[in-house]
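Just so you know, the sequences run in chain order A and B.
My numbering puts the first residue of the first sequence at 11, with every later residue one more than the last.
My numbering puts the first residue of the second sequence at 11, with every later residue one more than the last.
These are computed hints drawn from the structure, not numbers from a lab.
Any given hint might turn out to be false.
If several chains are the same, the list does not tell them apart, and a pair holds so long as it fits within one copy or across any two.
Derived lysine to any residue pairs resembling SDA-like cross-links, with alpha carbons at most 20 Å apart [said to hold, decoys possible]:
1) K332 to P265
2) K83 to E67
3) K433 to E377
4) K83 to P73
5) K266 to K419
6) K83 to A68
7) K433 to G71
8) K83 to E351
9) K266 to V35
10) K29 to G182
11) K29 to I346
12) K83 to G71
This one's a predicted model, so the numbers in the text were calculated from it and none came from an experiment.
Here's the letter readout for the chains.
2 protein chains.
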Amino acid sequence: MHSIDSTSLLLDIAAIDRKSISAQVRRFAEFSMYDWLVVARAGSDQRLSQIIRGFVEAESGRPAASVIGSRSKVPARLAALANGTISHALDYDDTHFAHVGHPSVAIMPAALAVAEEIGASACDARDAFLLGAEASCRIGMVLGRAHYERGFHQTATAGAIGATIAAGRLYGLPADQLRSALSLISTRAAGLKSQFGTMGKPYNAGIAAANGVEVAALARRGFSSCDDGIGGPQGFIETHSDNPDRLTPWLNAPPKSFIFEDIKYKLHACCHGTHAMIEALREIQGKFDVGPTGVVGLEVRTNPRWLKVCDIRQPRTGLEAKFSYRFLAAMVLSGIDTASESVFDDSICNKPHLLRLAQHVRITGDESLSDTTCTIILDDGSHRRMATHDLAQRQSEVALEKGLRAKAKGLLGASTAEALWTKIAALDGLSARDLAALLNG
Amino acid sequence: MHSIDSTSLLLDIAAIDRKSISAQVRRFAEFSMYDWLVVARAGSDQRLSQIIRGFVEAESGRPAASVIGSRSKVPARLAALANGTISHALDYDDTHFAHVGHPSVAIMPAALAVAEEIGASACDARDAFLLGAEASCRIGMVLGRAHYERGFHQTATAGAIGATIAAGRLYGLPADQLRSALSLISTRAAGLKSQFGTMGKPYNAGIAAANGVEVAALARRGFSSCDDGIGGPQGFIETHSDNPDRLTPWLNAPPKSFIFEDIKYKLHACCHGTHAMIEALREIQGKFDVGPTGVVGLEVRTNPRWLKVCDIRQPRTGLEAKFSYRFLAAMVLSGIDTASESVFDDSICNKPHLLRLAQHVRITGDESLSDTTCTIILDDGSHRRMATHDLAQRQSEVALEKGLRAKAKGLLGASTAEALWTKIAALDGLSARDLAALLNG
């Protein structure tokens, strides 16, 4: 007997024809319908029933918040769902290595949608995002590697908790209501790594953002829950991590220290494992003005784990080029902007000068290097030059700004990129609605 | 150092004042805002972005489905959310012991909302509910006791999978789309037992129903996912159960056999642990016409686990009376209708004739009885009569109908109860919209 997947077994049930169901079984289903109707109507006036009814009546069709690529405004929860999903579509957003996830895509959409809904200032939205992200990173650390290894996706799970903090702070929830919101998110935060490589991965970010908005809105209306659904008995941490760290992540708590500062931006539209090489190459290029013609040899030393990920020798598509050290090195040496999504067209794999240059590149695994570090040794015939780059190093504000603006230019073109930058750089004078207008304007 | 709950630590972060956040940290948050905006806009035209945007624009404000206690129609997802929550408010709905949960409250609201939205027939809604419930019970068995013991709530988790089947069948999803919907629900199905005793428990049913509707609607628009998110590597089963049973629950698969037939209805508005006693008492009463005055002794033998749950000796409130074998026995012997929620008023605890009768009742633990079984020995001075009732026994259709109609009468009054029954008993001629009208009419 070969193995049958669980989904196939469920599909078989879903496809059963009415004629093959006995009258008695159908009758039992009708008893359940009757009983359900009766109990449901009898519970109609309970306090919790009044609250949830008020919420769905008010949410439905309320044009509260903007959606990327849409002219319609929709309820805040739906805006958070769409914007969370859309912003993770390219998988080109920021990463926090200690959190083990992408904080912005789960939390920013929640902060922005609620801030727009209630007419907060842009700085209020920023603060709510920041504190939500900080909380999310800390909880991501509590859940730890064990959570990730079991199959959960911190972007979605810890992200939902951060989204709740962001939405709850903007709604101005008193502590008891925010406590309820956090316990409510503990019973609906979810997200699995088995979605990687599918539309389900960006959806994980969207559901985190949307769930955060919903539980904050419910708590605001008086919907209550248990005291500590996150950390209490059979709470989120206990049920979702086999080896949580309940102490270390809370040391050096904010505002004294923000681990959010360790946020890393993807500045190249290719596999994260190649970024340290690209940065090291750019450092040498900047210092010695090395052009493509002068290179007779390039050795790239990287942590061996990456050899299984991004060492495609002869890429045939743009996507494969994103996972090819050799080809990416040739592109960088030739002055091609790897921040731009559009350069990764399939045709790039056939450019003779890149193919020639790639032949000079040699990749070696080096156990002594961390998985965020790369060392390169470049030979131009007369000199050998060495550079090392570690992505884990904090970057200066100046370097970050430069990198982010270059990336934006590659993705959106110079004029849109600079228009957005001008607004973000002068956040003080903006409302959250001005900010939301940047989703499309 | 005494222990601090995790939620308190999160609340501290949420309450941080802007002035105590350094300019540099705020600046980093602004970099993230910029980068998020850039990446989000750049991903706007991805296929998945188009799908989720189409979904939220269409869902927002669409008056598709009815809500218990409301005159407004709302989007199907929101109706499912509200009706799932409201119908579990009293915790008086059906139970399936093998599934370890309450199937109807998670699945019926999804089936009904979608059936109303698309204009299906009432029988289509019934079939979708039935097959969703059957799938939910089978998956509940796969997840098993280990899932429940770890802290998960099958009503919510397996319930969401059943809700997806029900919604997907009604939407007429082809197998590949239903497969996507099931893999999408695998990444958002959630629900914890730590919500018990709070508004979060009924909310668990509502989110299951709402999530099922949402993923089915997304899959219908072409949103895709992995192949077997339920049973595959790091899928829902692997991540959410420490000891799943992947074989037994699929034996005797439907349509050959429906374990749904083992569904149990709560016919008394009190703790489920007392129901076997109540049924045994009613059997003796029916057979020998025993009245309250003739009783000089009553022994109740029950599984010892219940002694910690529903053996309150001297109840002081209506709620405590629901957990008191002795007092409930006195009520049944006196002819009080325990199906009615309203008889459990606090004043009932002071009725002299009930207090007197309760003194004759003796409760004993008996390891030889299963936890669904109760034996009673009633002494009227001249005869000792014994009866045993096991809730696990399948009831005849006639007995079930009688019990359900009596319960409905107790909860909603005779005229509403009978009006609903008349409709459900003649489902063939009804549309799902007729059925939805019964939520309020």
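Against the structure, test the hints numbered earlier, and report the numbers of the ones violated in rising order. Result: hints 1, 3, 5, 7, 8, 11 break, sorted rising.
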